[in-house]
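Each chain, letter by letter, is given below.
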Amino acid sequence: MNGMFNNEFILGCSAIGAGLAVIAGIGPGVGQGIAAGHAAAAVGRNPGAKGDVTSTMLLGQAVAETTGLYGLLIAMLLLFVKPLVPTT
Amino acid sequence: MLLTANDLGFMVEGVFSFQLGGHTLWITTSHICLLIVILTLIIFSFFARGAMKKAKEVPTGFQNIVEMIVELLDGMIKSTMGKNAKGFLNYIGTIFIFILFSNLSGLLGLRPPTADYGVTFPLGVLTFTLITVNKFRYQKVSGVIKGLCEPWPFWLPINLIGDFAVPISLSLRLFANVLSGTVMMALVYGLLKVIAYAWPAVLHVYFDMFSGAIQTYVFCMLTMTYISDAIGDGAKE
Chain Z
0 MNGMFNNEFI LGCSAIGAGL AVIAGIGPGV GQGIAAGHAA AAVGRNPGAK
50 GDVTSTMLLG QAVAETTGLY GLLIAMLLLF VKPLVPTT
Chain G
0 MLLTANDLGF MVEGVFSFQL GGHTLWITTS HICLLIVILT LIIFSFFARG
50 AMKKAKEVPT GFQNIVEMIV ELLDGMIKST MGKNAKGFLN YIGTIFIFIL
100 FSNLSGLLGL RPPTADYGVT FPLGVLTFTL ITVNKFRYQK VSGVIKGLCE
150 PWPFWLPINL IGDFAVPISL SLRLFANVLS GTVMMALVYG LLKVIAYAWP
200 AVLHVYFDMF SGAIQTYVFC MLTMTYISDA IGDGAKE
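Listed in order, the protein sequences are those of chains Z and G. Going by numbering that gives the first Met the number 0, the first sequence opens with residue 0, and the numbers climb by one from there. Going by numbering that gives the first Met the number 0, the second sequence opens with residue 0, and the numbers climb by one from there.
Heads up, a few of these hints could be off.
[Unchecked claim] In silico DSBU-like links for lysine-lysine, alpha-carbon gap of 35 angstroms or less:
1. K49/Z - K192/G
2. K81/Z - K85/G
3. K85/G - K53/G
4. K55/G - K82/G
5. K52/G - K82/G
6. K192/G - K139/G
7. K52/G - K49/Z
8. K49/Z - K82/G
9. K82/G - K145/G
10. K139/G - K53/G
11. K145/G - K192/G
12. K77/G - K52/G
[Claimed, not checked] Reference listing, derived: stretches of chain G covered by chain Z, where coverage requires no fewer than 3 residues with Cβ under 8 angstroms from a Cβ of chain Z:
13. 165 to 176
14. 213 to 219
[To be verified] Only some residues are given here: those of chain Z computed to face chain G with a beta carbon under 7 angstroms:
15. M56
16. L57
17. A63
18. T65
19. L68
20. L71
21. L76
Since the hints were made in silico from the structure, they are not lab data. Where a beta carbon is used, it is the ideal one built from N, C-alpha and C, also for glycine.
Please model the entire structure based on the sequences and the hints provided.
In structure tokens:
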């Protein structure tokens, strides 16, 4: 593959790939929103349990965030480590 | 203008290298930041020991702080692990304080050690070791094999993958969160250099303090939950 494309082209494609990878952030966004919404409903129903609900919500949200972070990791690898650019 | 990671300065950089057995080994910024964090904690613990040696019935000053920290951590662990908490108070408390300080060290201009996969992966492996050892200890070999063959025996490979994914996802979660905060701050300071006065403090509060504290809590919480699961009902009173 060496010499087929120049480095700028590969870098540009890597940037597009990084942009596509962070679309993964949609999922955790929706998930965390649902979790926060249900937590708000729970607090509305039982204001006394606010502390427990909040900590459970934060724990669940942090776990749900993982998939989005995988996308972010791929984006960072593409942008900064540049695995696709041939080393000369 | 081509922007490279080196201009922003959030990558792990080598400080000096040495030869060992034909390999070139690098001492990087992670090692040094790790050393600073550990030294700070060791000095703090010496002061804490000194304060607790001449402890008074009614705590004052520094003794107050130390007792508060220990009580807070013990309370958190006991409320999650219940009767299994006793053997794990020290370990969970230690990694909690260590990860928290590592995450917060971004505030002092260090590169957080936890933003290096070489630091978080061993933490994940430690958790995995604890889970496995406790599983074999309390559920015995037959119990472990039975657990792997749930719900059907041909489910075994999937259960095995699920077990081995635990340390990887644990460590990647911590790593990616801290790294994203570090990259974000580096981008703010690197690209908006001209107008980056005072207001990035707000971002520091979120990325370093809030996110760091939450991730510390989550790491310890998940470790405790997994260990409790591994122990199951097998624990003796």
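Each hint, compared with the structure:
Using a Cα cut-off of 35 angstroms, the hinted pair K49/Z and K192/G is violated, with the two alpha carbons roughly 41 angstroms apart. Between the alpha carbons of K81/Z and K85/G the distance comes to roughly 47 angstroms, so the proposed pair goes past 35 angstroms and is violated. At roughly 26 angstroms between alpha-carbon atoms, K85/G and K53/G fall within 35 angstroms of each other, so this suggested pair holds. Restraint check for K55/G and K82/G: the C-alpha separation of about 30 angstroms stays at or below 35 angstroms, so the hint holds.
This hinted pair checks out: K52/G and K82/G have alpha carbons roughly 29 angstroms apart, not beyond 35 angstroms. Between K192/G and K139/G, the direct Cα distance comes to roughly 59 angstroms. Violation of the 35 angstroms bound is thereby established for this hinted pair. Between K52/G and K49/Z the alpha-carbon distance is near 39 angstroms, which puts this suggested pair outside the 35 angstroms criterion. The suggested pairing of K49/Z with K82/G holds, with an alpha-carbon distance near 25 angstroms, which does not exceed 35 angstroms.
Proposed proximity of K82/G and K145/G is supported: the alpha carbons are some 25 angstroms apart, at most 35 angstroms. This hinted pair does not check out: K139/G and K53/G have alpha carbons roughly 45 angstroms apart, beyond 35 angstroms. For the hint pairing K145/G with K192/G, the CA-to-CA distance comes to about 59 angstroms; that exceeds 35 angstroms, so the pair is violated. Restraint check for K77/G and K52/G: the C-alpha separation of about 25 angstroms stays at or below 35 angstroms, so the hint holds.
Under the rule that three or more residues need a Cβ within less than 8 angstroms of chain Z, the assignment of the stretch 165 to 176 of chain G holds, with 5 such residues. Closer than 8 angstroms: that is the beta-carbon criterion, and the stretch 213 to 219 of chain G has 4 residues meeting it against chain Z, so the requirement of 3 holds. The restraint placing M56/Z at the interface with chain G is violated, with a minimum CB-CB distance near 11 angstroms, outside the 7 angstroms limit. Hint status for L57/Z relative to chain G: holds, with the closest Cβ pair at about 6 angstroms, below 7 angstroms.
Interface restraint check: A63/Z against chain G, minimum CB-CB distance 11 angstroms, threshold 7 angstroms, status violated. Interface restraint check for T65/Z: the shortest CB-CB distance to chain G comes to about 5 angstroms, inside 7 angstroms, so the restraint holds. Hint on L68/Z holds. Least Cβ distance to chain G is approximately 4 angstroms, under the 7 angstroms limit. For L71/Z, the interface hint holds, the least distance from its beta-carbon to any beta-carbon of chain G being 6 angstroms, beneath 7 angstroms.
For L76/Z, the suggested interface contact is broken, since its CB lies about 11 angstroms from the closest CB of chain G, more than 7 angstroms.
In this structure, the hints that do not hold are numbers 1, 2, 6, 7, 10, 11, 15, 17, 21, in rising order.
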